[in-house]
Each structure stands twice: as C-alpha cells, then as structure tokens.
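Number of protein chains: 2
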Amino acid sequence: MLEEHIKKAYNESAKGKRKGDKHIEVEKIREYILSAENIIIPNWDEKKLKSINKILKEFGLPKAKGLKIHTNAADLTRMPTITKALMAVDTTDADLIIARGRLGAPGSGSMLIIMDHKGRILSAAISSPHIIHGKSLEKAVEEELKTALQRLGL
Amino acid sequence: MLEEHIKKAYNESAKGKRKGDKHIEVEKIREYILSAENIIIPNWDEKKLKSINKILKEFGLPKAKGLKIHTNAADLTRMPTITKALMAVDTTDADLIIARGRLGAPGSGSMLIIMDHKGRILSAAISSPHIIHGKSLEKAVEEELKTALQRLGL
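So the sequences go chain by chain: A and B. So that you can map any letter, position 76 of the first sequence is 76 in the working numbering, and since no number is skipped, the others follow by simple counting. So that you can map any letter, position 135 of the second sequence is 135 in the working numbering, and since no number is skipped, the others follow by simple counting.
Just chain A, with the same shape it has in the complex:
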C-alpha cells in the first residue's frame, strides 16, 4: 500500500522532479496508522504506556502493548529512539510502533516516533530535555504523541 507511493516518490527524486509531500502520500500514512491492529511500545515504563494508551484512545486507535526488552542498550547508539523502535520491528509482529526516548547525543532531549512494520518513519515529535521543560513524563509523552498524530492531519 505505502510501497507504490514510495516508489513513485523515489522515481521523482531520482529525476530531480520531486516537489514535496503529496496529499495522497499523507493520506496513505493516515490510513496506515488508523488501520493498525497491533501497536507495540518498546518500553519498560508503565507510565509511558499509560500516557500513550490514553492518547491512542482519544484518536480511536486500539490499545498498545508494552515490549519488555533491554532498551537501555539503545542509549548507546546515535539515535536511541529510532533504535528502540527498530528493536520492536525486529522482535515482534507489530504493525505500528510508538517509541519514545533520546533524540541524539546525551543532552539532546527527547523524541517520539511512529514507525511502521518495516521500520519506516511515519511521524515524530520532539521535546526539550526534561531538565529544561520541567513537565512530568506523562504530560510530555501525551503532548508528543498528540503532536505526532495531529501534524499528519489526524
């Protein structure tokens, strides 16, 4: 479903004729997210899982399950949140993954990403480092997920 549009976009870019995201592409991403049946959150943290499920419910999406995997290892990579999400792609049959963690280098603050079953990034949101914004973890995660869904028109 997404593949056909990604192929078209790649061909446009290769020919130097790409003019930015198209309505149909954003629509296909929205459809993919809304039709998710098995949502996985690679995280030990029950607070994050609760916050994410609260927002998923508001958007009419099914409840996500936590994935108990050693995600600390992701923090030794250059993009911890992307690495966490890929851990879920590689160890579950999730069709949608929502991961939250560090953006980049230590001190770079946090990122939430929405990834599909093949490891493609569909959406994301970024927050300040906690020590700067001072919000509770729950509040920060809820706002990030809302932003990540709303920015696609959901």
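To be clear, the hints were calculated from the coordinates, so they are not data collected in a lab. Please note that a few of the clues may not be correct.
Any copy will do: because identical chains look the same in the list, a pair fits if it lies in one copy or spans two.
Simulated crosslink set (DSSO-like; lysine-lysine; CA at most 30 Å straight-line) [as the list claims (entries may be wrong)]: (1) 54 <-> 68; (2) 135 <-> 65; (3) 65 <-> 139; (4) 57 <-> 17.
For this one, chain A is given, so just place chain B on it according to the hints.
Just chain B now, with coordinates in the frame of chain A:
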C-alpha cells in the same frame, strides 16, 4: 569536549543507571553550538539559506554557507534530512551542520536537524507536511530553527 560526557552517559546506560539528560550535557551542547565557526547548510535552495541565516544572526551565530551537492539523492533514503546532514559531514570541514528536509517516508513531513562535525545529532525540530500547514518555506524553516535552538535553552 562532548566525548567525555558521552562516555559517562554510555557507561551509565550500560549499567542501567541512566536518569535522563543532565544540565552539564545540555550546557556542553549549547557551548558547542555557540562556538561554531564554520556552519554549512547542505542545500541548493537560496530561500532556505537566507531564512537560516536570518535566525542564526538573531542568536549571535556566524553566517552559514550553502553546500551545493546533489541532495535529491538523500530523498531515496529512509531519513532524508539525516542523510543530507551526513553528506555535509563527509564532504566539508564544517563544525556545525543545519539540514532541512523530509523526516522519513514520503508524506511524513519535514525535519530540521543540527549536527556536529562527527555526525552526532545535537538538536532538531519537526513540522507538518507543507500541504497541511500551508506556511511559506521561509516561515517554516525560520520557526524550525528557532525551535531547535530554543529547546536547548538558547
């Protein structure tokens, strides 16, 4: 300079003792950005370069130079903006890179990232797909760069 703090953070994560970003880490990233002398923007687009330079000036940073490289190729990768920034790491002696492009899959909207001379991500900001937010390119880029700097307390 950053290396020492990254090593400490990695050791904390490996021991399961990491508690999130520290003030000193965010401070070191701010210092790195503020001491940049050679800022490169991997982009053909003069509009983006002008918008970025306008904001850099507001934050007391030196003028960035454009890098004329075939960045369309980055749009055939999974994280086009990260790929563009790495192109600048690998082909210039920039100490700071500011790249702007697509976040992930076609339709996923845009991202601006601030990367250091070794390819580490220091900050970022994310926007809706243009067809959703409807802002001019200039306005969108200015807001993203401001957000990416301010979220670190700059």
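Structure-based check of each hint:
1. Taking CA atoms no more than 30 Å apart as the test, residue 54 paired with residue 68 passes inside one copy only; the shortest distance there is 20 Å, against 46 Å between copies.
2. For a Cα distance limit of 30 Å, the shortest separation of residue 135 from residue 65 inside one copy, 24 Å, qualifies, whereas the shortest one across copies, 37 Å, does not.
3. When the C-alpha separation of residue 65 and residue 139 is checked against a cutoff of 30 Å, the pair qualifies only within one copy, where the shortest distance is 19 Å, while the shortest distance between copies is 39 Å.
4. In this homomeric assembly, residue 57 and residue 17 never come within 30 Å of each other (Cα to Cα): the closest approach is 40 Å inside a single copy and 33 Å across copies.
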